[in-house]
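Asker: Based on the provided sequences and hints, a complete structural model is requested.
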Amino acid sequence: MYAKGEIGVSTRPMWQEALGQLSRRSESCLYVEMSQLTFIDVAGVTDLVMTARSLSGHRLLVLDQPPFQVPRILDLFWPGLGGIEVAA
Amino acid sequence: MTATAPGPQEFVHPALFYSGKQQYVTGTVPFVLEGLAKEEPVAVAAPPDRLQLIKDQLGDQARRVHFVDMTQAGRNPGRIIPGVLRQFADAHTGGRVRIIGEPIWPGRSAVEYPACVQHEALINEAFTGRAVTILCPYDVDGLDQGVLRDAWATHPVVVAEGSETASAAYSPEAVVARYNQALPVPPAAQATSFEGSGQLTAVREFAVREGERLGLEGARLQDLQLAVAELTTNSVVHGAGDGTLRIWAEDKQVVCEVQDAGRLTDPLAGRRPPAPERPGGRGLLLVNHVADLVRIHIGEAGTTIRFYIGR
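Here the protein sequences come in this chain order: B and W. Read in order, the letters of the first sequence correspond to residues 25 to 112 in the numbering used here. Read in order, the letters of the second sequence correspond to residues 189 to 499 in the numbering used here.
It is worth saying that the hints were derived from the structure and are not from the lab. C-beta atoms are modelled at their ideal positions from N, C-alpha and C, and glycine is treated no differently. Treat the hints with care, as some may be off.
Label pairs and their computed distance ranges (CB to CB) [to be verified]: (1) Ala112(B) <-> Pro194(W): 46 to 54 angstroms; (2) Val86(B) <-> Glu352(W): 54 to 62 angstroms; (3) Lys243(W) <-> Asp99(B): 32 to 40 angstroms; (4) Ser297(W) <-> Ser50(B): 36 to 44 angstroms; (5) Ser34(B) <-> Asp278(W): 56 to 64 angstroms; (6) Val110(B) <-> Ser207(W): 46 to 54 angstroms.
Answerer: Structure, rendered in structure tokens:
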């Protein structure tokens, strides 16, 4: 999945919908390509975490080149969270 | 130290008035040792020189104590409850948890102090009904008389020179209200108004431009951006739908505030760590974590949340 632009209160419903679709796919690694994302707020990162937590078994959410907000918010609120991986 | 053992779910919050290193040690070290003897988890959050005094006395026992540099972790008083006190207490449920928390030291600035004393007052509400003891040392030689008077109002009990006195002046809600002070804006502030979610990007970009011009860079500029996004989004979603952002510099810090017509009614907003699985409620908490100081004024016309970031 490719995310582009920014994730905030206006784009959040679309973001949640897209993450919901992604999590229903059967692959063990689910990729979100984020290099074209310019900004994501706390609620948007929370959606990523909730998606990762909902994955069964050893499935993994891989965040490819996320903007700085993602590691900053993950470190603050979910340090050491499993099921989610940041690829720089 | 306490004459009677606290009830199993009773929060205990004494202030310790100390003069000099010897009184500091005799007021804190037995409190730590008593906790260790009872197998209670013990944390000490204080300025580094104070931590060292306690470590020196504890020797090998210091390994069993969690030490926190309060001048860093508690630089912004608004994050002490979630980031220091509850972080430790919530990780050790089951029995009583013991913490020494020294949030007010000589050198706290006049602009920090109202947030410090409101924090001390709000601890009482934040820990009501929990098996936690938080001992708060106050340096009587270095702090103003007014600070010590406030400590009588924010702590139900004061310990001085080994004896414990119930405080007749205990009144934490009155302290929170008294320090809910209007926040004057300097003439140099740059301001912009915003309305609706469609203008959130523009107001955030305005803040980043100004922050950069005022000397913020790197991680601090990014933290400004995050904090602005959360506060302005709150104004649009939970407030009146619109608001004003102002930004300027004071000494070594960039100061930014968001004002809206909403009323923040929960005094513990931004101080509760939400459960990891909870989907929302982290906006103001984030601001508390990234800023060096957060001041809040709730007035007739609405709410102002002002935060400081070092440049």
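Asker: All the hints need checking, so say for each whether the structure fits it.
Answerer: For each hint, the structure was consulted:
1. Between alanine 112(B) and proline 194(W), the C-beta spacing of about 49 angstroms keeps the proposed range 46 to 54 angstroms intact.
2. Taking 54 to 62 angstroms as the suggested C-beta distance range, the pair valine 86(B) and glutamate 352(W) conforms, at roughly 56 angstroms.
3. Take lysine 243(W) and aspartate 99(B): their Cβ atoms lie about 28 angstroms apart, and the range 32 to 40 angstroms is violated.
4. For the hinted restraint 36 to 44 angstroms between serine 297(W) and serine 50(B), the CB-CB distance of approximately 57 angstroms leaves it violated.
5. Separation of serine 34(B) from aspartate 278(W) is about 34 angstroms and departs from the stated range, judged on CB atoms against 56 to 64 angstroms.
6. Between valine 110(B) and serine 207(W) the Cβ separation comes to about 50 angstroms, which falls inside the hinted range of 46 to 54 angstroms.
Consistency note: the structure conflicts with the earlier hints numbered 3, 4, 5.
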